[in-house]
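So the sequences go chain by chain: G and D. Taking the working numbering, the leading residue of the first sequence gets 210, the next gets one more, and so forth. Taking the working numbering, the leading residue of the second sequence gets 210, the next gets one more, and so forth.
You may find that some hints are simply not true.
Which copy is meant is left open, because identical chains are indistinguishable; a pair holds if it fits in one copy or across any two.
Said to hold, decoys possible - Straight-line C-alpha distance at most 27 Å; calculated DSSO-like pairs for lysine-lysine:
(1) Lys265 <-> Lys334
(2) Lys461 <-> Lys221
(3) Lys221 <-> Lys562
(4) Lys490 <-> Lys340
(5) Lys285 <-> Lys265
(6) Lys496 <-> Lys340
These are calculated hints, taken from the structure and not from any lab test.
Number of protein chains: 2
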Amino acid sequence: MSQDHKILLSEKEIPRQWYNIQADMPNPCLPPLHPGTKAPVGPEDLSPLFPMELIKQEVTRERYIEIPDEVFNIYKIWRPTPLFRAHRLEAFLDTPAHIYYKYEGVSPAGSHKPNTAVPQAYYNKQEGVKKITTETGAGQWGSALAYACHVFGIDLEVYMVKVSYEQKPYRKTLMNTWGAEVFPSPSPRTQAGKQILSRQPNSPGSLGIAISEAVERAAGDPDTKYALGSVLNHVLLHQTVVGQEALLQMEKAGEFPDVVIAPFGGGSNFAGLSFPFLRHKLKEGRKVRCIAVEPASCPKLTRGEFRYDFGDTVGMTPLIPMYTLGHSFVPASIHAGGLRYHGAGAIVSQLLKDGLIDAVAIQQLECFQAGVTFARTEGILPAPEATHAIAEVFRQARQAREAGEARTILFNLCGHGYLDLAAYEDYFNGNLKDHELTDQEVKEHLSELAEYPLPV
Amino acid sequence: MSQDHKILLSEKEIPRQWYNIQADMPNPCLPPLHPGTKAPVGPEDLSPLFPMELIKQEVTRERYIEIPDEVFNIYKIWRPTPLFRAHRLEAFLDTPAHIYYKYEGVSPAGSHKPNTAVPQAYYNKQEGVKKITTETGAGQWGSALAYACHVFGIDLEVYMVKVSYEQKPYRKTLMNTWGAEVFPSPSPRTQAGKQILSRQPNSPGSLGIAISEAVERAAGDPDTKYALGSVLNHVLLHQTVVGQEALLQMEKAGEFPDVVIAPFGGGSNFAGLSFPFLRHKLKEGRKVRCIAVEPASCPKLTRGEFRYDFGDTVGMTPLIPMYTLGHSFVPASIHAGGLRYHGAGAIVSQLLKDGLIDAVAIQQLECFQAGVTFARTEGILPAPEATHAIAEVFRQARQAREAGEARTILFNLCGHGYLDLAAYEDYFNGNLKDHELTDQEVKEHLSELAEYPLPV
Numbered sequence: 210m211s212q213d214h215k216i217l218l219s220e221k222e223i224p225r226q227w228y229n230i231q232a233d234m235p236n237p238c239l240p241p242l243h244p245g246t247k248a249p250v251g252p253e254d255l256s257p258l259f260p261m262e263l264i265k266q267e268v269t270r271e272r273y274i275e276i277p278d279e280v281f282n283i284y285k286i287w288r289p290t291p292l293f294r295a296h297r298l299e300a301f302l303d304t305p306a307h308i309y310y311k312y313e314g315v316s317p318a319g320s321h322k323p324n325t326a327v328p329q330a331y332y333n334k335q336e337g338v339k340k341i342t343t344e345t346g347a348g349q350w351g352s353a354l355a356y357a358c359h360v361f362g363i364d365l366e367v368y369m370v371k372v373s374y375e376q377k378p379y380r381k382t383l384m385n386t387w388g389a390e391v392f393p394s395p396s397p398r399t400q401a402g403k404q405i406l407s408r409q410p411n412s413p414g415s416l417g418i419a420i421s422e423a424v425e426r427a428a429g430d431p432d433t434k435y436a437l438g439s440v441l442n443h444v445l446l447h448q449t450v451v452g453q454e455a456l457l458q459m460e461k462a463g464e465f466p467d468v469v470i471a472p473f474g475g476g477s478n479f480a481g482l483s484f485p486f487l488r489h490k491l492k493e494g495r496k497v498r499c500i501a502v503e504p505a506s507c508p509k510l511t512r513g514e515f516r517y518d519f520g521d522t523v524g525m526t527p528l529i530p531m532y533t534l535g536h537s538f539v540p541a542s543i544h545a546g547g548l549r550y551h552g553a554g555a556i557v558s559q560l561l562k563d564g565l566i567d568a569v570a571i572q573q574l575e576c577f578q579a580g581v582t583f584a585r586t587e588g589i590l591p592a593p594e595a596t597h598a599i600a601e602v603f604r605q606a607r608q609a610r611e612a613g614e615a616r617t618i619l620f621n622l623c624g625h626g627y628l629d630l631a632a633y634e635d636y637f638n639g640n641l642k643d644h645e646l647t648d649q650e651v652k653e654h655l656s657e658l659a660e661y662p663l664p665v
Numbered sequence: 210m211s212q213d214h215k216i217l218l219s220e221k222e223i224p225r226q227w228y229n230i231q232a233d234m235p236n237p238c239l240p241p242l243h244p245g246t247k248a249p250v251g252p253e254d255l256s257p258l259f260p261m262e263l264i265k266q267e268v269t270r271e272r273y274i275e276i277p278d279e280v281f282n283i284y285k286i287w288r289p290t291p292l293f294r295a296h297r298l299e300a301f302l303d304t305p306a307h308i309y310y311k312y313e314g315v316s317p318a319g320s321h322k323p324n325t326a327v328p329q330a331y332y333n334k335q336e337g338v339k340k341i342t343t344e345t346g347a348g349q350w351g352s353a354l355a356y357a358c359h360v361f362g363i364d365l366e367v368y369m370v371k372v373s374y375e376q377k378p379y380r381k382t383l384m385n386t387w388g389a390e391v392f393p394s395p396s397p398r399t400q401a402g403k404q405i406l407s408r409q410p411n412s413p414g415s416l417g418i419a420i421s422e423a424v425e426r427a428a429g430d431p432d433t434k435y436a437l438g439s440v441l442n443h444v445l446l447h448q449t450v451v452g453q454e455a456l457l458q459m460e461k462a463g464e465f466p467d468v469v470i471a472p473f474g475g476g477s478n479f480a481g482l483s484f485p486f487l488r489h490k491l492k493e494g495r496k497v498r499c500i501a502v503e504p505a506s507c508p509k510l511t512r513g514e515f516r517y518d519f520g521d522t523v524g525m526t527p528l529i530p531m532y533t534l535g536h537s538f539v540p541a542s543i544h545a546g547g548l549r550y551h552g553a554g555a556i557v558s559q560l561l562k563d564g565l566i567d568a569v570a571i572q573q574l575e576c577f578q579a580g581v582t583f584a585r586t587e588g589i590l591p592a593p594e595a596t597h598a599i600a601e602v603f604r605q606a607r608q609a610r611e612a613g614e615a616r617t618i619l620f621n622l623c624g625h626g627y628l629d630l631a632a633y634e635d636y637f638n639g640n641l642k643d644h645e646l647t648d649q650e651v652k653e654h655l656s657e658l659a660e661y662p663l664p665v
């Protein structure tokens with residue numbers, strides 16, 4: 210057991226491959242379906258939106274995918290990221306638990322998002338794409354892709370969820386710094402945006418709506434493709450550099466975690482840290498509990514249903530087998546903008562259905578309180594998304610104390626909160642509220658899925 | 210010569226001592242003078258403001274001062290900081306120069322400031338101090354001290370230069386997160402503030418004014434002391450952890466810098482990086498050029514005079530031998546708030562007078578342009594203060610290209626700019642201007658010093 214605060218790796222220890230959990234799942238993911246024919250989609254259905262290499266990565270069952278040298282060289286800008294032992298937090302919580310966190314906030318965009326933005330931009334460049342469109346919630350994904358597109362010389366058009374665009378104006382400036390164009394969504398630039406605005410002129414927007422806009426723009430232009438920051442299998446794949454590094458770092462610390470915790474929006478944050486650990490559970494039966502933490506105001510994993518549903522709000526994407534609250538569900542305007550998504554990616558949904566991972570939903574006030582305590586003990590101000598993991602860590606650490614167990618806890622500190630200080634200001638001023646969904650609200654949106662096939 | 214992007218150290222390699230350049234200066238600093246008697250001040254004159262251990266560190270000529278274990282353990286939260294080789298920037302500038310940067314933005318406050326905030330809070334705690342007052346410009350120092358005071362359980366009252374308080378509201382929230390009280394300066398809470406406000410109700414404030422306010426509050430209460438974020442000898446001393454680490458890291462990279470560059474406000478940023486290198490020049494005659502970069506709108510090193518002057522605006526501090534523009538000089542409201550100070554610390558002033566270091570002044574538009582290029586190549590958005598060093602690096606790299614020389618350049622990337630995006634937004638929107646001082650303006654403020662002794 211290390212007494213050091215930081216466990217660092219050398220650049221030689223950055224993974225050379227991504228880990229694909231599809232090789233090890235006891236039950237494979239169900240295929241996505243074409244929204245019209247309801248038959249499984251093939252590569253040609255996806256090719257207007259994605260470069261062929263990413264479509265291959267979406268479906269392959271190869272266990273390891275080589276990381277191209279060009280991507281590896283950009284990873285070296287911020288990777289390997291540090292792993293910290295939270296000695297001061299442990300003392301504050303008076304817990305026998307050992308708490309470790311992987312810190313992805315050292316990347317250019319300040320979160321884990323560049324791990325997939327860089328390879329996505331790279332493969333698009335390889336296939337001659339001139340422009341990419343995307344959506345962004347809190348702006349983490351948009352700024353990561355802005356950086357990556359700048360590196361490879363690709364234009365970028367970002368649809369930013371309007372409530373975040375207004376709450377976090379500086380994320381827009383950061384995207385502009387890397388040369389991207391940013392529009393608040395819903396916007397009048399697309400049919401999808403116009404349709405939403407005509408029904409609800411003051412719509413705060415949602416990731417689902419912004420996806421509809423970005424997809425529509427890409428589908429209409431042969432030189433333009435679309436990129437998604439979470440949910441899809443290839444996105445989760447790229448994020449496994451996080452967990453592979455953490456596995457090695459935990460080994461250097463002389464420990465294996467009993468519990469691995471990460472925030473949950475569409476799945477890539479959680480998958481990135483947990484899948485390389487989950488592999489040891491799937492292949493060797495090692496005991497490790499992987500917990501996805503979602504906001505109580507957007508509880509697809511804990512209160513949604515496993516259904517075929519659209520990835521976007523308007524219904525332009527293939528139908529994906531996912532835990533969902535229904536694609537028309539617009540989450541409350543909480544500050545963890547990156548977690549305001551109605552559904553969960555196919556892989557994570559299958560793993561949850563098979564009982565291989567756990568999920569918990571936490572209200573935002575508990576999360577912000579945990580975030581402030583974390584900043585006061587460990588010195589890093591966490592992004593609102595990351596505070597969801599921290600709140601669950603606090604619960605686990607208290608359970609460990611009550612049980613008198615030296616539980617080892619690892620979590621993903623997926624980003625810093627220096628661009629989220631308006632949220633903390635609101636919290637300190639008592640302007641934040643918790644949001645409880647009624648069963649009726651949950652039911653209502655799910656009932657719209659009646660016409661689509663059940664995943665079996 | 211390393212091909213790696215990062216040169217990292219282990220926690221065992223964090224310095225255990227601070228380096229005191231006063232042991233190696235060919236001409237010692239002149240003593241500070243009492244503003245009334247104009248005789249050299251003694252420890253008892255300073256004891257209402259500072260704990261005795263810091264007063265000792267201010268004047269000692271011991272070469273190395275032990276870092277207390279309690280401080281070392283907090284340093285481990287973010288130290289050692291990384292040193293980067295800027296391969297991508299070198300390629301962009303098409304220069305044969307090797308460019309390295311020490312990155313202090315990984316600290317809790319996002320800058321080098323906690324390096325001295327933590328020991329200052331520690332020594333105050335040791336001597337039973339209950340409350341500290343301080344000034345802050347851009348808010349970097351205030352947030353660093355807020356963090357440090359929280360760690361050691363001391364109350365903190367911050368006077369924040371009004372223009373920065375308004376430009377950078379989120380720094381206030383960060384200080385609040387660590388439990389500090391923050392007031393825009395000039396404020397009606399002090400005689401000094403009232404005096405300024407009565408003459409100039411819309412005063413944008415300055416570091417000099419904020420110092421007057423903080424000093425006044427501390428002087429009036431026996432349980433309260435004052436802390437300064439730069440200028441003083443003990444502050445420069447604490448920052449030498451930066452340069453000592455960088456020296457070791459450059460050694461690991463197999464190089465010794467020809468040029469060491471840092472932004473200049475009061476001197477601690479520049480001293481922290483350069484003094485451990487300068488020691489090799491002073492003791493072994495190694496060739497290294499140390500360049501302090503100040504804003505052209507606040508050019509005390511390049512256009513000021515070496516005079517006895519006050520550290521604050523109202524004239525409450527001892528008279529310090531410094532390059533100064535006069536204590537009544539209020540710099541233009543540029544975004545590099547941390548550099549808006551009328552004078553330079555005594556040590557740096559003596560070194561400049563003795564021709565041992567160099568200084569250059571650069572306009573803010575050139576700095577912001579360099580900062581954007583840096584963000585686009587190296588991925589880190591620099592603080593406006595840090596862009597001053599970067600602009601000079603660009604000049605040096607271009608000179609190296611023109612001369613066909615493989616010059617080795619090291620600079621201090623003293624902080625990130627994630628809390629300064631409003632400044633970048635202004636830059637992109639064309640709202641920033643350069644500020645050229647007339648000779649008349651410089652003369653006017655200096656003429657007020659006629660009544661004070663000349664430093665000889």
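Here's how the hints hold up against the structure:
In this homomeric assembly, lysine 265 and lysine 334 come within 27 Å of each other (Cα to Cα) only inside a single copy, at 16 Å, whereas the closest approach across copies is 61 Å. Both within a single protomer and between protomers do lysine 461 and lysine 221 lie at most 27 Å apart by alpha-carbon distance, with minima of 15 Å and 16 Å respectively. Within a single copy, lysine 221 and lysine 562 get their C-alpha atoms no closer than 37 Å, and across copies no closer than 46 Å, so neither meets the 27 Å cut-off. In this homomeric assembly, lysine 490 and lysine 340 never come within 27 Å of each other (Cα to Cα): the closest approach is 41 Å inside a single copy and 52 Å across copies.
Within a single copy, lysine 285 and lysine 265 get their C-alpha atoms as close as 25 Å, which meets the 27 Å cut-off; across copies the closest is 44 Å, which misses it. Proximity of lysine 496 to lysine 340 under the C-alpha cut-off of 27 Å is found in neither arrangement, the shortest distances being 45 Å within a copy and 49 Å between copies.
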